[in-house]
Amino acid sequence: MAFPLRDIAERFGLTLQGDGDGLIAGVCSLQPGMPGRLSFLADPKQAGFLEQTYAGAVVLAPTMAERCPVPALIADNPQLAYARVAALFLPPHPPPGVHPSAFVDPDASVDPGATVGPHVVVEAGASVAAGTLLAAGCVLETDSHVGPDCRIGANAVLGREVVIGARVRVGPGAIIGGRGFGLARDHDGWVEIPQLGGVRLEDDVEVGAGCTIDRGTIGDTLLERGVKLDDQVHIAHNCRIGALTVIAGCTGIAGSTEVGARCMIGGGVGIGDHLRIVDDVVLTGATQVPSDITEPGVYSSTLKAMPAGDWRRRLALIRKLDRLEQRLRALEKPDNDKGDRA
Amino acid sequence: MAFPLRDIAERFGLTLQGDGDGLIAGVCSLQPGMPGRLSFLADPKQAGFLEQTYAGAVVLAPTMAERCPVPALIADNPQLAYARVAALFLPPHPPPGVHPSAFVDPDASVDPGATVGPHVVVEAGASVAAGTLLAAGCVLETDSHVGPDCRIGANAVLGREVVIGARVRVGPGAIIGGRGFGLARDHDGWVEIPQLGGVRLEDDVEVGAGCTIDRGTIGDTLLERGVKLDDQVHIAHNCRIGALTVIAGCTGIAGSTEVGARCMIGGGVGIGDHLRIVDDVVLTGATQVPSDITEPGVYSSTLKAMPAGDWRRRLALIRKLDRLEQRLRALEKPDNDKGDRA
Amino acid sequence: MAFPLRDIAERFGLTLQGDGDGLIAGVCSLQPGMPGRLSFLADPKQAGFLEQTYAGAVVLAPTMAERCPVPALIADNPQLAYARVAALFLPPHPPPGVHPSAFVDPDASVDPGATVGPHVVVEAGASVAAGTLLAAGCVLETDSHVGPDCRIGANAVLGREVVIGARVRVGPGAIIGGRGFGLARDHDGWVEIPQLGGVRLEDDVEVGAGCTIDRGTIGDTLLERGVKLDDQVHIAHNCRIGALTVIAGCTGIAGSTEVGARCMIGGGVGIGDHLRIVDDVVLTGATQVPSDITEPGVYSSTLKAMPAGDWRRRLALIRKLDRLEQRLRALEKPDNDKGDRA
Numbered sequence: 063m064a065f066p067l068r069d070i071a072e073r074f075g076l077t078l079q080g081d082g083d084g085l086i087a088g089v090c091s092l093q094p095g096m097p098g099r100l101s102f103l104a105d106p107k108q109a110g111f112l113e114q115t116y117a118g119a120v121v122l123a124p125t126m127a128e129r130c131p132v133p134a135l136i137a138d139n140p141q142l143a144y145a146r147v148a149a150l151f152l153p154p155h156p157p158p159g160v161h162p163s164a165f166v167d168p169d170a171s172v173d174p175g176a177t178v179g180p181h182v183v184v185e186a187g188a189s190v191a192a193g194t195l196l197a198a199g200c201v202l203e204t205d206s207h208v209g210p211d212c213r214i215g216a217n218a219v220l221g222r223e224v225v226i227g228a229r230v231r232v233g234p235g236a237i238i239g240g241r242g243f244g245l246a247r248d249h250d251g252w253v254e255i256p257q258l259g260g261v262r263l264e265d266d267v268e269v270g271a272g273c274t275i276d277r278g279t280i281g282d283t284l285l286e287r288g289v290k291l292d293d294q295v296h297i298a299h300n301c302r303i304g305a306l307t308v309i310a311g312c313t314g315i316a317g318s319t320e321v322g323a324r325c326m327i328g329g330g331v332g333i334g335d336h337l338r339i340v341d342d343v344v345l346t347g348a349t350q351v352p353s354d355i356t357e358p359g360v361y362s363s364t365l366k367a368m369p370a371g372d373w374r375r376r377l378a379l380i381r382k383l384d385r386l387e388q389r390l391r392a393l394e395k396p397d398n399d400k401g402d403r404a
Numbered sequence: 063m064a065f066p067l068r069d070i071a072e073r074f075g076l077t078l079q080g081d082g083d084g085l086i087a088g089v090c091s092l093q094p095g096m097p098g099r100l101s102f103l104a105d106p107k108q109a110g111f112l113e114q115t116y117a118g119a120v121v122l123a124p125t126m127a128e129r130c131p132v133p134a135l136i137a138d139n140p141q142l143a144y145a146r147v148a149a150l151f152l153p154p155h156p157p158p159g160v161h162p163s164a165f166v167d168p169d170a171s172v173d174p175g176a177t178v179g180p181h182v183v184v185e186a187g188a189s190v191a192a193g194t195l196l197a198a199g200c201v202l203e204t205d206s207h208v209g210p211d212c213r214i215g216a217n218a219v220l221g222r223e224v225v226i227g228a229r230v231r232v233g234p235g236a237i238i239g240g241r242g243f244g245l246a247r248d249h250d251g252w253v254e255i256p257q258l259g260g261v262r263l264e265d266d267v268e269v270g271a272g273c274t275i276d277r278g279t280i281g282d283t284l285l286e287r288g289v290k291l292d293d294q295v296h297i298a299h300n301c302r303i304g305a306l307t308v309i310a311g312c313t314g315i316a317g318s319t320e321v322g323a324r325c326m327i328g329g330g331v332g333i334g335d336h337l338r339i340v341d342d343v344v345l346t347g348a349t350q351v352p353s354d355i356t357e358p359g360v361y362s363s364t365l366k367a368m369p370a371g372d373w374r375r376r377l378a379l380i381r382k383l384d385r386l387e388q389r390l391r392a393l394e395k396p397d398n399d400k401g402d403r404a
Numbered sequence: 063m064a065f066p067l068r069d070i071a072e073r074f075g076l077t078l079q080g081d082g083d084g085l086i087a088g089v090c091s092l093q094p095g096m097p098g099r100l101s102f103l104a105d106p107k108q109a110g111f112l113e114q115t116y117a118g119a120v121v122l123a124p125t126m127a128e129r130c131p132v133p134a135l136i137a138d139n140p141q142l143a144y145a146r147v148a149a150l151f152l153p154p155h156p157p158p159g160v161h162p163s164a165f166v167d168p169d170a171s172v173d174p175g176a177t178v179g180p181h182v183v184v185e186a187g188a189s190v191a192a193g194t195l196l197a198a199g200c201v202l203e204t205d206s207h208v209g210p211d212c213r214i215g216a217n218a219v220l221g222r223e224v225v226i227g228a229r230v231r232v233g234p235g236a237i238i239g240g241r242g243f244g245l246a247r248d249h250d251g252w253v254e255i256p257q258l259g260g261v262r263l264e265d266d267v268e269v270g271a272g273c274t275i276d277r278g279t280i281g282d283t284l285l286e287r288g289v290k291l292d293d294q295v296h297i298a299h300n301c302r303i304g305a306l307t308v309i310a311g312c313t314g315i316a317g318s319t320e321v322g323a324r325c326m327i328g329g330g331v332g333i334g335d336h337l338r339i340v341d342d343v344v345l346t347g348a349t350q351v352p353s354d355i356t357e358p359g360v361y362s363s364t365l366k367a368m369p370a371g372d373w374r375r376r377l378a379l380i381r382k383l384d385r386l387e388q389r390l391r392a393l394e395k396p397d398n399d400k401g402d403r404a
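Residue numbers (this note's numbering), protein chains in the order written: chain R, 63 to 404; chain H, 63 to 404; chain Y, 63 to 404.
It should be emphasised that the hints constitute simulated quantities derived from the structure, not laboratory data. Keep in mind that a hint or two might mislead.
Identical copies carry no separate label here, and so any pair may be met within one copy or between two of them.
Within a straight-line C-alpha distance of at most 30 Å, the following computed DSS-like cross-link-like pairs (lysine-lysine) qualify [unchecked claim]:
#1 K395 - K107
#2 K395 - K382
#3 K382 - K366
#4 K366 - K107
Given only the sequences and the hints, what does the whole structure look like? Please build it.
See the structure below:
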């Protein structure tokens, strides 16, 4: 798999600078770079590496073109252009067809243009559209539906009545459609509240490895168009995540919470239940959100590690902060105090 | 699947108000509601929705009956009554039998009343009781035992010598009986401390999707009767979780810790190792517990997101809280100070 | 499986004290202990249990030997010696061979000395060395390579081009080689940045149940020799974890971060992206690391639960800590203030 740089420029509508005959056979980092491979420069802090790179070619912004010692592809958004070009080097999709070790229920519907890997299970009533790949060992339970050009990772599980749009990627080991955690108290224990809704993932959603997305109690848990989840994210029952929102790894969102569109949520964040987060909210890593966020903006409650002895003293003071405030208040009333003393 | 409201009332011992002839074919939310479907009113804050609901019938408390414009089922605990009625609408259990694609070791014992799904693995010495469903792709390793009327989710794993009681639900992708994280330091690395214990889940336990519960080092890790875990909870080796305790998603409990009965543990909580938490403790979401809790009650260390610039200033002050305290102390000794200056 | 204590002493080079004829058939805790079983005493706080133990024998330090009422194996590092001896009682490895229900691609290479369990998938180009066990349902995708004497847990997934050294243990349900979370912004959504690197686990690495380790963007994500991960740890793309570093459960490390050698990282820790943590750093549980750590030592930002009402008041004060500091500053300038007032 190697492409002349000129062909790449044409195919992706990029401006070629320098020799277009060289073959590009893969990608490389800018430093040190690798002959015959393509790199990119998006972060101005890396501009210093450009002049010594051994890359076969570099995707970069017009302002950087002059400094590039090797052939270049010029793009207004070099990272985006690189993302598109680099996809040339992804391993090819396996050919369509159902692996003989897979089990597809006779009452399921798998398009002949779909690829069903070894030991996959497709239960009754499920459907799989053309261009979709079901990787080894994944399970589509009863009445789940997967749209076209999706990729369901190895050993992932789509529960009953999970409905997935087009071009959705579900990571290996992700579990979509587990029971929502609804319980009613009985005199001698807990009774499960039946979770009768489903999960809907709209077009272009990505769900990372090991994520869990629970089915709704009555209606559906919903991830709107273009939502992207990193690994080990948990979305509880009845949540609705707005279009294009991105959520980094290990974040958990509790039940019935609605997150707006175009939010950027860091890793390890915790968001409470029954909350509303408006559009265009950014949360830094490990931030805790126990109440609504009603205005767009960047929010945080991220702590910062310090030497443990120092932290222990700060923590002791945090724990008696009310006493500190009382001492401050006492000082603020010197006249009264003097009066008292007099 | 539709039931006259009158039959539902009789079957669950609820008081019928209004017309009992209407058929109920499923559930709906109170707002807007849906004809022919059942809703419930448990949260008084939702009482306003009652008067405009389109639901076919509503389960509610006696005090609300008068305000209900549609037929009602009256119950002292409407949420509990709803939970029981709604279970009518869960999809039926698949019929008993072993799917031809499953592998059941000749030295395993599967009750003829159990259902073994596609690509399930039941290894030698394992046993499965009547009424239990093993969903597609789950694995029961050597000498694991599953009691009656359980449901083991798709692609879940029960390791060697995991023992599960009656009516236990294990979510898809949950891993019970992984190696406990015990290591001994050698001069040139780490040596695994063999984890020779098992895991025991007593009756009516629920384990959510993607949870991990590690086997004990010598004895068993134990979840007592009626413990309920949400998704992605981690219970380390040698822990013991008391009866009826409920743990929300993404919480982790470190090794050899004992949690009491009837605790309510929020999501994203972290509990350290070798601790004791007494009965009837409530922990709010994301709370950190590095030491014993010896009295029942509600505990917290939950932070709260604020605009990032504001938070950055607070964090800087937290980090010099000892300096603040010194300044406060200096102010509290004005006479000394004046003496010093004199 | 039972061994005379004398044989155990000889085999592991330990000093025998007392009768060596007794058979040891397993392990037990020190309190109460169990006849015919072996315990150990490593923590001096447990010395009180020694004198009443019912254990058949105890592994302990020379200084404790005198107080031992039962036969003893004397070792400078009793925990390490116990770890080695206890491995005698682990269930035997299943015999080599490929289970008939497994699917091994004709273009894969499985050593005849490897054990391939039921419903395992080994795709084209993958290789498995001698002495390695692939537990039920695990998946080795195209061109993944597993070295000798490894154990890959049930339903674990090794993605394309994951390369694993010798004596590596991958827990059940762990996902190695998921797509790294790289995205480029397009005018109308997100475009995946292809993740073309792999994951390398060097010799003696352990990965716990349910962990996720993402493939690199261009180069490989790397866990060096002897790194040990507990359950549900997340290692993002392009990370490099130094030799012998140990990471407890539920910790997440964001993309392109480098952690040094011999670090001890607690559970529930969050480490940001593109950071450098030097060798020999210890992080207490739930610590948050949003910036580089450049000196070895113990670091913390762990909070501590307190009664919820008390905490609420502390949190309110944290949130107005800048106001507190202003009030303090105002008090520190009494002369100016008096001047202003005059």
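Now for the hints, and whether the structure bears them out:
In the homo-oligomer, the alpha carbons of K395 and K107 never lie at most 30 Å apart, since the shortest distance is 53 Å inside one protomer and 44 Å across protomers. For a Cα distance limit of 30 Å, the shortest separation of K395 from K382 qualifies both inside one copy, at 21 Å, and across copies, at 20 Å. Within a single copy, K382 and K366 get their C-alpha atoms as close as 20 Å, and across copies as close as 12 Å, so both meet the 30 Å cut-off. Taking the closest pair of Cα atoms, K366 and K107 come within 30 Å of each other only inside a single copy of the chain (25 Å); across copies the shortest separation is 34 Å, beyond that limit.
In this structure, the one hint that does not hold is number 1.
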